[in-house]
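Residue numbers (the working numbering), protein chains in the order written: chain E, 1 to 292; chain R, 1 to 269; chain Z, 1 to 544.
Keep in mind that a hint or two might mislead.
[Unchecked claim] Once the Cα atoms are required to be at most 20 Å apart in a straight line, the calculated DMTMM-like pairs of lysine to aspartate or glutamate come out as:
{"hint": "1", "chain 1": "E", "residue 1": "292", "chain 2": "Z", "residue 2": "315"}
{"hint": "2", "chain 1": "E", "residue 1": "35", "chain 2": "Z", "residue 2": "297"}
{"hint": "3", "chain 1": "E", "residue 1": "35", "chain 2": "Z", "residue 2": "302"}
{"hint": "4", "chain 1": "E", "residue 1": "49", "chain 2": "Z", "residue 2": "324"}
{"hint": "5", "chain 1": "E", "residue 1": "210", "chain 2": "Z", "residue 2": "42"}
{"hint": "6", "chain 1": "E", "residue 1": "292", "chain 2": "Z", "residue 2": "42"}
{"hint": "7", "chain 1": "E", "residue 1": "190", "chain 2": "Z", "residue 2": "24"}
{"hint": "8", "chain 1": "E", "residue 1": "35", "chain 2": "E", "residue 2": "55"}
{"hint": "9", "chain 1": "E", "residue 1": "292", "chain 2": "Z", "residue 2": "324"}
{"hint": "10", "chain 1": "E", "residue 1": "49", "chain 2": "Z", "residue 2": "24"}
For the record, the hints were derived by calculation from the structure and aren't laboratory data.
Being a predicted model, the structure only gives us computed values, none of them experimental.
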Amino acid sequence: MRSAAGLSITLASCIAIAAAGAAACSRPGSDGGGKVLRLSMIPTTDPGKMVRDSEPLVAYLEKATGARVELTVPLNYAAVVEAFGADKVDVAYFGGFTYVQAHKRFAAQPLVQRERDQAFHSLFITQPDSPISALADLAGKRFAFGDVNSTSGHLMPEYYLRQAHVDPGVIAGAIYTGGHDATALAVANKKADAGALDEAVFDRLTKDGKLDAARLKVFYKTPAFFDYVWAARKGLDPALADAFRKAMLALDAGDPAHKPVLALLQATRYVAADDASYDKLREAATSAGLLK
Amino acid sequence: MIYQLDAVGKAYPSRRGAVTSLAAVSFEVAAGERVAVIGPSGAGKTTLFRLLNGTLRPSSGRLRWHGRDVASLSPREARAMRRRIGTIHQQALLVPSLTVLDNTLCGALGAWSLARALRTAISPARGDVDRAMAALDRVGLADKRDARADELSGGQQQRVAIARLVMQDPEVILADEPFASLDPALADAIAELLLGLAGAGRTLVCTLHDVERALALFPRVVALRAGRVAFDVPSRAVSREALDELYRGAPAAAASPLQAAPREQIVTC
Amino acid sequence: MGLAAVVVVASGAVAGVRLAPLFDPANHAAVRGFARGLWPPDVSLEFLRVVAAATLRTAAIAIAGTALSLIVALPLAFLATATLFRRGPLVEGERRAPSGMVLAAASVAARAALGFLRAVPDLVWALLFVAGFGLGAVPGVLALAVSYGGMLGRILADLFETVDPRPLEALRSTGATRAQILVFGIWPQARTSAIAYVLYSFECCVRSAMVLGLVGAGGLGYEISQIATLIAALLAMVWLTDATSLALRRLLRANAPPGWYVQRRLRTDVPAAPRGAIAAGLAAIVIAAGAAIGLFDRGVLDPAALGHMARLVRDLFPPDLAPDHLRTLIEPVAQTLGTSVIGTLLGVAIGAALGVPAAAPHDEDDRARGAAHLVRHAVRRLSRATLSLLRAIPDVLWVLIFLLAVGLGPFAGTLALGVHTGGVLGKLYADTLEEVSPLPLRGLRATGATPLQILVWGAWPEARRMLVSYTLLRWEMNLRTSTVLGIAGGGGLGIALYNDVQLRFYPQAATMILVVYGLVTATGWLGDAVLRRLESASLATARR
């Protein structure tokens, strides 16, 4: 049982807090000709740790773009979107669903994404001895989503539940655990009958031995959908946006200097991103009443 | 005329209807006069006193201060009036957790801006400290400047209150039972201080339950009974019969100096 | 009485109170397993360095946040103090005058404004300031300042109203203005209690900043053994704050008359502190803290900030008042009400059980040594330490523990709420009891009263106003911020609001703010009614 993990709800629920977590990482020494690139990422783990771990990325981007790079990671998704909308952040790393929101409200422009971001899956899990073996069996059961703003932990699982015409009471009565790992734990500890979480997180949890795979069974895997993407704010200097795009696209797994950067981003290579790829997410969000 | 009271009355609202404390009181006080106000407990002395120092406003009748109706004063003017009236209460009513010096400095608040008051609260100016120390010296408490007010005896507290009054430098001194909580020797000393202050051209109005002392120290006596003036005469003209009549039926008023807290007095007097 | 019983039973039903799981050995094993996982704590140099840096940063954020919250709270508290503007002898002469009525209205408005500052969730405040000032520590500090300012202001106003009014009347009769009366008459009487609460508020800031900054959002950042280290760091900060609070209060009471529980040791060896030096020192610390987190950076005063903040506020309007939406709020409101009632009652029970023994006695003959004295001293220390621990363990961790103990559902959240509330209330109760004037107590002791009788007849009448006030404010807080319930799958307003904000359903969030404001106002009324009841009851006793 790791960390007060996943219990991000209260945690994230105050940014009073953006404060403590949001350590900024910048190096005053670099010459950027005065240009500054303000980066932000939605918190996928502890923000302070994300900032500390991202130093190779910041260093790489400063060298490649020639701008001074400031990375700030707040404690919740909404803060990234708001700061982006207030022109306080130039380029941000969004989840699929948060990108759709930021695009609709603030005309976020997609830049690049990992190859794997184009084929994300959500897994539906339950206990091995559970009678649940298909989506239809969920009627009357207690279901767990992750964070409400998560693409693979909430938006797409809900979409496929609706597509399968599962009893609407399952969605209405579902709980939000706040994170993928918390969902896994809730189901493993029989605190919920079933739940949905990100496939990649599930694989990592079981591979690291943080989760005993024997305590869970996967009974449904969603079709592939688009998830994380780097996007620029509307009105950002096109030259700067382009420099960022080129720098990310140039990341090469064969180059030893790029290895640590790709490793921390859990990527093999980057590809150009396109807004049209997110039509399906938009439809999912709109049809579920999650995008206003 | 400093004060002109014309059928001044004061009633307090209460759950059982209004409680009348003063019915209709009329008298005048001229500049430089020394007046004692006597009467049994519950006669309305403390209410009268709070009317005279501007804490309360009359609910009927008219109270004039330097010819101006008190009811018509703006808050700013009312404040100016209070600044010119120095008050000595039955209990000293010092701020318990402040030092003797701070309590004395408080006397000058009426003359100060908020900024000056704040500055004084943090670190008083040299000149102000000197004035306060002179006042404390006058009451013989200069050596207690850093003691907390609640550390002092009742008599010492009353002397600090007088030092605060000296600091305020008012033109009228109102004293409400200033000797009530003191033993006779102390009372004499305090009386001397008060009369000494009043001697310098100031007006002194003092409520007293101790009739002997009132007659001995004040040339004029105003007697209250049941919220009205029973008599208002020079002290040498006060007769035994008049006094008996004044205190008739009152439960040994002169011998009951036990003070209830003013909060309760609002209801009872 | 009957009504109260009905409310409690109904709340218990909503809160999902079930005692059986508490005695289930399987659940005990799960909790034990969790506790074992906490040991041994991670004390690797690398991690300690991270913790130390975060602790310093947390301290800077909390200092700046507390200082700013005082700037928000003091003027509003001054204006909201009823005895200065609305009732009592100071107002009596001017109540009828137009200016008096304006001031009275302003005073009522100030109290309402304090309620509003509290009713808007800190999450929304934070987003507002993020829109204005970008990401980083500054919006966080501002959000802390505003929401804690609302609480601090309310408590300060209550403290200001409870001071002895007679010296105030004496000051007023020298021509002092209300602000001057505050400085020279009210503040000196209220300062020890006020400082105790300001430092408690600082402790809350530390907790918010530290817990949220260190434990992190996604949660994959820390191993469970690191959690133990973080709790130790938090406990150290809580303890340090407590000690500072005690020391400051002692310093201010350095030459108090005999009877105050501290005078024995300090009477002679602490010099009257030079106020100028203390004020300058405090100001320096605050400015240094503010500078450390970038509060004075040039970018902070961006003229576009107001525009961005206005945009966010516009997005909140108009609140969604459609009947369909309002219907969806009924359930969370009921859940929040139910769990907050049970959680607060539990907190009051724990707080009273630990807070009373944690209060230092006013005994003068406490000097007497011997076994009884030592036992009493040990009990006091132990109670204080337990209270600190209850507060230092973040409520999210309590939820996790109770989830294992009683399973998913509102009850786990309610228990977590109760335990944390107990830690807070116990501390506030103890501080309040220590601030009761010793003189009446001494009179009672002279009559041969037992300690319990002294508590009931001497301390309670003096302290009850603030005891009730603290309890109600905590209840109100449990109503407002019980997001822990959501974590435990118990629903409630907290999670509903979080979800609305995350999805940028701002008009719906605005509706929720209105609902919370209604609840805050209602608890305020209830509190006033309870106090009036208590006061008239004691008057009746006194008359008899």
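- Unsatisfied constraints (hint numbers, rising): 4, 6, 10
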